[in-house]
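Residue numbers (this note's numbering), protein chains in the order written: chain A, 17 to 127; chain B, 132 to 243.
These aren't lab readings, by the way, just hints derived from the structure by calculation.
Just so it is clear, the structure is predicted and the values come from calculations on it, not from any experiment.
Incorrect hints may have been included.
As the list claims (entries may be wrong) - Some chain A residues judged to face chain B by a derived CB distance under 10 Å, without partners named:
1. G47
2. L67
3. F79
4. Y86
As the list claims (entries may be wrong) - FRET-style restraints, in silico, Cβ to Cβ:
5. T217/B with H54/A: 37 to 47 Å
6. N215/B with T60/A: 23 to 33 Å
7. H126/A with S139/B: 47 to 57 Å
8. K202/B with H126/A: 22 to 32 Å
9. K201/B with P127/A: 43 to 53 Å
10. T60/A with E200/B: 36 to 46 Å
11. L90/A with G171/B: 42 to 52 Å
12. E72/A with D190/B: 29 to 39 Å
13. E200/B with D84/A: 41 to 51 Å
Cβ coordinates follow ideal geometry from the N, Cα and C atoms, glycine included.
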Amino acid sequence: GQSLEQPSEVTAVEGAIVQINCTYQTSGFYGLSWYQQHDGGAPTFLSYNALDGLEETGRFSSFLSRSDSYGYLLLQELQMKDSASYFCAALPSGGSYIPTFGRGTSLIVHP
Amino acid sequence: DVKVTQSSRYLVKRTGEKVFLECVQDMDHENMFWYRQDPGLGLRLIYFSYDVKMKEKGDIPEGYSVSREKKERFSLILESASTNQTSMYLCASSKSPSYEQYFGPGTRLTVT
């Protein structure tokens with residue numbers, strides 16, 4: 017089985033850098049995905065880490081360390097529009113293609 | 132532009148009514164999912180389908196059923212709606228492996 021833990025809320029100021037952590041307990045998985053969801057909107061895919069290390073996409077980066085059972089999403093040069101919920105999701109290995117989602121982190125960006 | 136559409140954005144039903152939520156995707160994805168989202172609980176999987184007429188129960192299937200007669204369409208059925216099924220319902224689709232899911236806009240269902 018799998019369990020993913022994220023902080024429920026993170027606050028930061030505009031222009032800053034923020035890191036949203038995702039720790040997991042799993043018997044095996046292919047990789048870790050991240051999604052963004054604005055209030056009233058649908059989750060949208062941000063990134064996927066199949067391998068250990070850092071994946072960079074513009075202002076957003078995602079990191080995975082399988083040895084530490086840990087990943088994070090890094091948001092740089094924060095903007096007000098980055099205020100949203102962020103979910104990590106682990107895709108299990110072993111034949112099931114059903115990902116498990118964390119409960120989400122609400123990011124609040126202040127001016 | 133990839134797209135997942137859901138039949139309604141808002142729906143109000145009475146207790147005991149049969150409710151149909153429909154989801155259509157235009158990406159030829161084999162996998163389709165139904166989730167419900169409640170504050171503080173994240174996304175909980177109700178049912179998953181990996182092919183036409185194929186389905187698997189998710190974490191909270193009780194009180195729900197699904198139908199997938201065509202690849203592009205996945206329906207969620209509440210046989211007899213109850214107030215505890217008031218929630219946001221999200222449909223998603225993906226290729227395999229499903230590390231990148233595309234979500235519909237959601238249906239906010241209120242059961243009174």
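So, going through the hints one by one against the coordinates:
no. : hint                           : result
1   : G47                            : holds (6 Å)
2   : L67                            : violated (12 Å)
3   : F79                            : violated (16 Å)
4   : Y86                            : violated (18 Å)
5   : T217/B with H54/A: 37 to 47 Å  : violated (22 Å)
6   : N215/B with T60/A: 23 to 33 Å  : holds (28 Å)
7   : H126/A with S139/B: 47 to 57 Å : violated (35 Å)
8   : K202/B with H126/A: 22 to 32 Å : violated (45 Å)
9   : K201/B with P127/A: 43 to 53 Å : holds (48 Å)
10  : T60/A with E200/B: 36 to 46 Å  : violated (28 Å)
11  : L90/A with G171/B: 42 to 52 Å  : violated (25 Å)
12  : E72/A with D190/B: 29 to 39 Å  : holds (33 Å)
13  : E200/B with D84/A: 41 to 51 Å  : holds (45 Å)
Consistency note: the structure conflicts with the earlier hints numbered 2, 3, 4, 5, 7, 8, 10, 11.
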